[in-house]
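Trainee: Next come the chains, spelled out residue by residue.
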Amino acid sequence: MLPDVRDRLPGMAPKSASMKGFYRQKKSTKSTASKNVSTKKSPNLPMPYDSDITQPAALISHGSLDLKDSYKEDEQILGRFDMNMAYGPCLGMSRQARWERALKLGLNPPEEIESILKRGKVGSVCLWEGRV
Amino acid sequence: MEVDSPDKIPRKQASYHSLDEPFVIQKETYGGQQYSQIYFARLQLLRALLRPLVTSWKPHVPICNVLGIERGKECIVVGTLYKHMKLKPSVLDEYSKERSATPITIPHKFMHQDDYLVLEDESGRVKLGGSFLLPSQYVTGVVVSLLGSEADAGYFHVDDVLEAGLPSQLEMPLKSGENKYVVLISGLNVGNSTSNPLQYQLLVDHITGHLGDKQAQGMAAQIVHLVIAGNSVEIPHGLLNKQNLASTDQSRIAEPIKELDMILTEIAAGLPLDIMPGPNDPANFSLPQKPLNRCLFPSSATYNTFRSCPNPHSFEIDGVKFLGTSGQNIDDLEKYSEGRDKLEFMERTLRWRHLAPTAPNTLGCYPFIDTDPFLIKSCPHVYFIGNQEKYDTKLIKGTAEGFSSRGYYKAASAKTPQLSWYWHLSSWAHHMGTSRNMMYGMALGSLQCS
Chain A
335 MLPDVRDRLP GMAPKSASMK GFYRQKKSTK STASKNVSTK KSPNLPMPYD SDITQPAALI
395 SHGSLDLKDS YKEDEQILGR FDMNMAYGPC LGMSRQARWE RALKLGLNPP EEIESILKRG
455 KVGSVCLWEG RV
Chain B
160 MEVDSPDKIP RKQASYHSLD EPFVIQKETY GGQQYSQIYF ARLQLLRALL RPLVTSWKPH
220 VPICNVLGIE RGKECIVVGT LYKHMKLKPS VLDEYSKERS ATPITIPHKF MHQDDYLVLE
280 DESGRVKLGG SFLLPSQYVT GVVVSLLGSE ADAGYFHVDD VLEAGLPSQL EMPLKSGENK
340 YVVLISGLNV GNSTSNPLQY QLLVDHITGH LGDKQAQGMA AQIVHLVIAG NSVEIPHGLL
400 NKQNLASTDQ SRIAEPIKEL DMILTEIAAG LPLDIMPGPN DPANFSLPQK PLNRCLFPSS
460 ATYNTFRSCP NPHSFEIDGV KFLGTSGQNI DDLEKYSEGR DKLEFMERTL RWRHLAPTAP
520 NTLGCYPFID TDPFLIKSCP HVYFIGNQEK YDTKLIKGTA EGFSSRGYYK AASAKTPQLS
580 WYWHLSSWAH HMGTSRNMMY GMALGSLQCS
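Each protein sequence line maps, in turn, to chains A and B.
Add 334 to a position in the first sequence, counting from 1, and you land on the number used in the numbering used here.
Add 159 to a position in the second sequence, counting from 1, and you land on the number used in the numbering used here.
FYI, nobody ran anything at the bench for these hints, they're computed from the structure.
Glycine included, C-beta positions come from ideal geometry on N, C-alpha and C.
Be aware that one or more of the hints could be misleading.
A short, non-exhaustive set of chain B residues, derived as facing chain A with CB atoms under 8 Å [claimed, not checked]:
(1) E187
(2) G190
(3) S195
(4) Q203
(5) E279
Please construct the entire structure, taking both the sequences and the accompanying hints into account.
Mentor: Written out as C-alpha cells, the structure is:
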C-alpha cells in the first residue's frame, strides 16, 4: 500500500485533522550498510603501526602481503626518525627537507632514511602533519 | 660656483661586492612551519661554535644537556636563553579576565625586577638562578654556555657564562695612499610635513660635487659609495588607515616616493647608491626586509649604479666589510634589556654573534626552516645601524685574533636629515658631515640644520 503523500510532505495538512499528527516525525526506514571506518582516510597518509582494518580492500584482495610488511617497517623507521629530537622539530617540513637540514647542520643522519624516502610509497611528511 | 672648469676632477672608484645572499628570501616557501625550526637551527649552529670554545674555557668540566644536570654536580650546559618578562605585551591580554589590572599607558621599556631567565635546549628547560647572570643584560634568543650546578630548590645556579664572542675577521686590506669615502645616511623621511626640500638638494649637490670650491669638490670626488639605511619616506599614517581613498589622497600617498625617486636619480647619476628599507618604508614588516621594489623608483632604477638592498645589508668595498641594519634589531634590544647606550647593545650583538636575537620572539621575522640568516659568521669591519637619535661611534678590539671593528649608529630624524656619516676606507678616520660645513662661500646662511 502506498503511503499517503500528505503524510510525507511537510506543509500539507495530514489525513488526521489533529495537530499531533501534523508534527509527527517519521523515521526513515532505509537499511544502513555497515560503515567502513577506513573510508575517511586517504591512502597517502602513513598507517598506524599495528592496525590491519585500515588497509584498502584492493591491497588485500591482490594478496600482496610482502608490500604491506616492508611498508610498515619503513614507516616505523621513518617514525623513529621523526621523533628523534636530535634532528629538531618534525612539524611544518617534509621528511626529506628535515633529513637534508640534519645533513647540513652536521648531525650525521643515517643514510638509510634517505634511501627509504627515495624509494617512495611512504609518507612525505610526519604522522602529525596537518593534524596538530 | 665654477661651472666650466677646464680640469675635471674624476670620482674615485672602488670595487663593490654584495654579501646579501643570506638575507634575500629566494626559494623559501611557507609550508605551515612554526618558529621552532629557526630556534633549532640557531641552537645547532651556535652550539657547534661554542663547543670548542667551551672545552678550552673549562677543560675538566663535563658538558651535558638540560635534562642531564644533577644536584650538586658542576657541569656546563649550552642552550638558548628565554627571559620571562612580566610586562611583555601579549596578545592574550585582551582576553584575560583581569582587564582592569593592565596599565593604560604602554611602557616603552618592558623590564621589571621580577624578570627571570630560563635556559632551554631540545631536552628541556631549567630556570636560572644565582646572582651572576643579570636578566637585565640578556634577552630571549641568545645562545650561551653556562657553568653551574643544580641547586636544592630545583633551579640551575649559574657560576659563570661563556658567550660565543666576537667572530673572526678577515684581514683589513693594506692602506693604500688614496682617500676614499663611503657615506652612510638614514632617516631622510621624505614627505614629512616639517622637512625642507632645500636640505635634500643640499645633500645631493654636495655629494655630486656641485657645491663649493675646488677643495670641496675634490672631497666630494673621493666619495665612492652612498648607503641609505632606511626610513627614506614618510607616508602619513592617517591616509594608510583609510578604507576608501579619494583620488587626492592617492596622489598624496605617492608623492613622497616620487620626490625620493627624483632625489635618488640625481645621486645615482653620479655614484653607486644602495638603498635599504626601514621600519617606515613601503616594504614588508618582518626581518629580513625585502629590497624596495624597483617599480617604486622608475627613473633612478634605470641606472646601474642604483641598487636596492635588503635589511640587514652586508657588502664589501675594496676589501672592507660592512654590515648593518636600519635599526629595528637594536631598538628592540633597547626595549627588552638594559644598556648604557646603543653602542653597548651593538657590541652585545657582536659578542652573541647574532644580529637580532629577539627575532622571532618580539621582532618580526620570517620562519626559516633550515638556517638562521642573522648569525654573524665573520666580523665586519664596519657595523652600522640607522635611524637613531644621535650619532656615535666606538672601536671594538677583539682578543686573541687581534682585530678591530668600528660600530656606529647614525642620527636620523627629520630634525637633522643632512647628518651623513663619512667613513674613510683606508684609515679608521671618520667624520660627520653636516650641511653647515658645505655652506662656505655660499650665501645660504638661512638654511639651518636645526
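Trainee: Please go over all the hints and tell whether each is borne out by the structure.
Mentor: Do the hints match the structure? See the list:
1. Interface restraint check: B/E187 against chain A, minimum CB-CB distance 11 Å, threshold 8 Å, status violated.
2. Interface restraint check: B/G190 against chain A, minimum CB-CB distance 6 Å, threshold 8 Å, status holds.
3. Checking B/S195 against chain A by beta carbon gives a least distance of about 4 Å; that is within 8 Å, so the hint holds.
4. Annotation: B/Q203 was flagged as interfacial toward chain A, and the flag holds, the nearest CB pair being 5 Å apart, inside 8 Å.
5. Proximity of B/E279 to chain A is violated relative to the hint, the smallest CB-CB distance being about 12 Å (cut-off 8 Å).
In summary, the numbered hints that this structure violates are 1, 5.
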